[in-house]
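K.L.:
Residue numbers (our numbering), protein chains in the order written: chain Y, 9 to 338; chain F, 7 to 332.
A few of these clues could be false.
Cross-link-like lysine-lysine pairs, in silico, DSSO-like; alpha carbons within 30 Å at most [unchecked claim]:
no., chain 1, residue 1, chain 2, residue 2
1, F, K45, Y, K334
2, F, K141, Y, K334
3, F, K332, F, K186
4, Y, K138, F, K53
5, Y, K334, F, K259
6, Y, K138, F, K45
7, Y, K140, F, K48
Stretch-level coverage of chain F by chain Y, calculated; a stretch enters the list once three of its residues show a Cβ under 8 Å from a Cβ in chain Y [what the hints assert, rightly or not]:
no., segment
8, 95-102
9, 169-181
Since the hints were derived computationally from the structure, they do not count as laboratory data. Bear in mind that the values here come from a model prediction, so they are computed numbers and not experimental data. Glycine included, each C-beta is placed from N, C-alpha and C at the ideal position.
As a plain string of letters, each chain reads:
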Amino acid sequence: MNAADKKRVLREMLFARRFEERCYEAYVERKIGGFLHLYPGQEACAIGVMEAARPGHDYVITGYRDHIHAIKCGTDPKAVMAELFARETGCSRGRGGSMHIFDVEHRFMGGYALVGGPFPLAAGMAKAIKMKGGDEISICFLGDAANNQGTFHETLNMAAVWNLPVLFVCENNLYGIGTATHRSTAVTEQYKRACSYGITSNQTDGQDIDQVYAAARVAVDFVRSGQGPYFLELMTYRYRGHSMSDSGAYRTKDEVEEWGKRDPIIILRDRLIEAGEITLDDYQAMDKEIFAEIENDIIPYAENSPEPKVEELEKYVLAENDPYVKGGVH
Amino acid sequence: MAEIMYWEAIRRAHDEEMARDPLVIAMGEDIGVAGGTYKATKGLYDKYGPERVIDTPISENSFTGLGIGASFLGVRPIIELMSVNFAWLAMDQIFNSAAKVRYMSGGQLEAPVVIRSPGGTAHQLGAQHSARMEKVFMGIAGLRVVTPSNPKQAYGMLKSAVRCNDPVFINEHELMYNMKGEVPDSEYFHPLEGSEVTRQGRDVTLFGYNISVHWSMQAAEILSKQHGIEAEVVDLYSLAPLDRAGIRESVSKTHRAVIVEEAEAPVGVGAEVMAIINEECFFELDAAPVRVSAKMVPTPFNHTLEKASIPNAKDVVAAVLKMLGK
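Isolated chain Y (complex conformation) (with noise of 0.2 Å):
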């Protein structure tokens, strides 16, 4: 990444932290419902790594942490918000919910909600552009808990052995739920599970926005090279609880202080105020720009936005008027 590179990530990294931020205070006002799981903390994670591959062209999918990844390949920050207020103009047209943001147009193929889910349609995914010969590749970024899901070993064997090219992303943070990892699991560094089934694999810090895009950097250039999938764990923290209804009483209040310390928004800030590309004020600026983009546009485009009709509740269930079903159509 180049300086101005670096300057454009801090404002999408701001923007992500500002946008999840307000998402958690719409919550508390009761305009968004359901489960809401922030990202704040790992922000370098989808962005670093994205930077590092072709956003809108790669075919993303993830979890249920996912709104800053739609955002990052391409999806209008608007249609994400209005989406966590259910409304028609939702990425997912309010069927969906914060943890089903779609948008195919920009090749976000989903958040899915079953931990581990992701894994094999991602490995399809890498199958099936295989097959059709294009230069894209597969992403999948799940946290370290679905490592323990059944998907995890059993995709990871298939995208080795058929030579897929999917990259599996590791946002390690460091806690299933309200579990600590090392409570959970046997071996606690993710990557070292994934080289039992011969995937060449990698660890690295996953706040250092620099360290994510030059690990992913290798890690997207490995599988578009067509080598294979390859899988990648990032060292991150989230520094709200795993969903709204999670107090964090499992984490010490030093962890919490020292991860804090580990901004991964402060650190590129610093270092480029350091580095005399920016200054605090410059930030500063950047911030209130953030702001009066989400107080003024995004969050009255969502709150004006129809909801979705009741007569339209069944639409989508299935094909609509497909000819096949009805047979002998030729």
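Guided by the hints, dock chain F onto chain Y, whose structure is given.
P.N.:
Just chain F now, kept in the frame of chain Y:
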């Protein structure tokens, strides 16, 4: 019109669809080099190669999910689950991914996969290889469930299912792969919705599906020859959705209904058909509908017990005679 076996009909549908569209693939356990446990993909590995006829590891949930993910990008996988009992392991991906993705994406994504699997009690396969699971699949929004009772349906339904944009579960039967029947020589697409009257009658309707259509037909012959009772037989080849109009039409004609199912009664096809009769044509009834179903036991290994656990044509005859007070 040639007479071919049920497995040959399925194989032919695979072959034609794979020859037509390079994005149609077949995947499952032992379907490639070994040619498939029931020969449904025999010879296809040699013809289409390992990229399109894929021997999967024994990882039902994830290879099913892999097929679903491939279908997101336009691939048309025909996934074989070697036994419907193994489909329990793939429920997560079938229900949570394939069946829901169109809806939860607001219509942006679809999962046009075909999942074929044989169910049913065969020859002493024991409790974990004899399940009937159609009742589980047919209650899930976003999934189509069909169950061919003859080679023509097996061929034509797979053809339609491959091209249909919805996920389709095809419930086959272990005992039926060697059944012979006429299949059109030219390309044929069987409907994925509806039902078929396989025998006209006036006194009672026997509703069957898959293998129980055959028990019903045998019962109808006995009833006609030995008791002068003319039973209508309706083949409910589509279980999701069930053919409400077809059920109403037949019951409105015969005024009596017996539902014949190989599965256990609770929460099953029979229960659902009865509910539809109640909702659609209760006042047409001259007698309370009855179910002829399996016993509520895990399928026993002992052959005598196994046979006693599932219904047969005699049970259907007995149910009809009782209903008619004979």
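K.L.:
Are the hints correct? Go through all of them and say.
P.N.:
Verification of the supplied hints:
1. A hinted pair counts as satisfied when its Cα atoms are at most 30 Å apart, and F:K45 with Y:K334 qualifies at roughly 28 Å.
2. Restraint check for F:K141 and Y:K334: the C-alpha separation of about 23 Å stays at or below 30 Å, so the hint holds.
3. A C-alpha spacing of about 35 Å is found between F:K332 and F:K186, which places the hinted pair above 30 Å, so the restraint is violated.
4. With a C-alpha separation of about 19 Å, the suggested pair Y:K138 and F:K53 falls inside the 30 Å cut-off, and the hint holds.
5. The straight-line distance between the Cα atoms of Y:K334 and F:K259 is roughly 24 Å, inside the 30 Å bound, and the hint therefore holds.
6. Note on Y:K138 and F:K45: the hinted pairing holds, with a Cα-Cα distance of about 28 Å set against a maximum of 30 Å.
7. Note on Y:K140 and F:K48: the hinted pairing holds, with a Cα-Cα distance of about 25 Å set against a maximum of 30 Å.
8. Given a C-beta distance limit of less than 8 Å, the hint that chain Y covers the segment 95-102 of chain F holds, as 3 residues qualify and 3 suffice.
9. Restraint check on the segment 169-181 of chain F versus chain Y: 4 residues with Cβ-Cβ distances below 8 Å, three needed, restraint holds.
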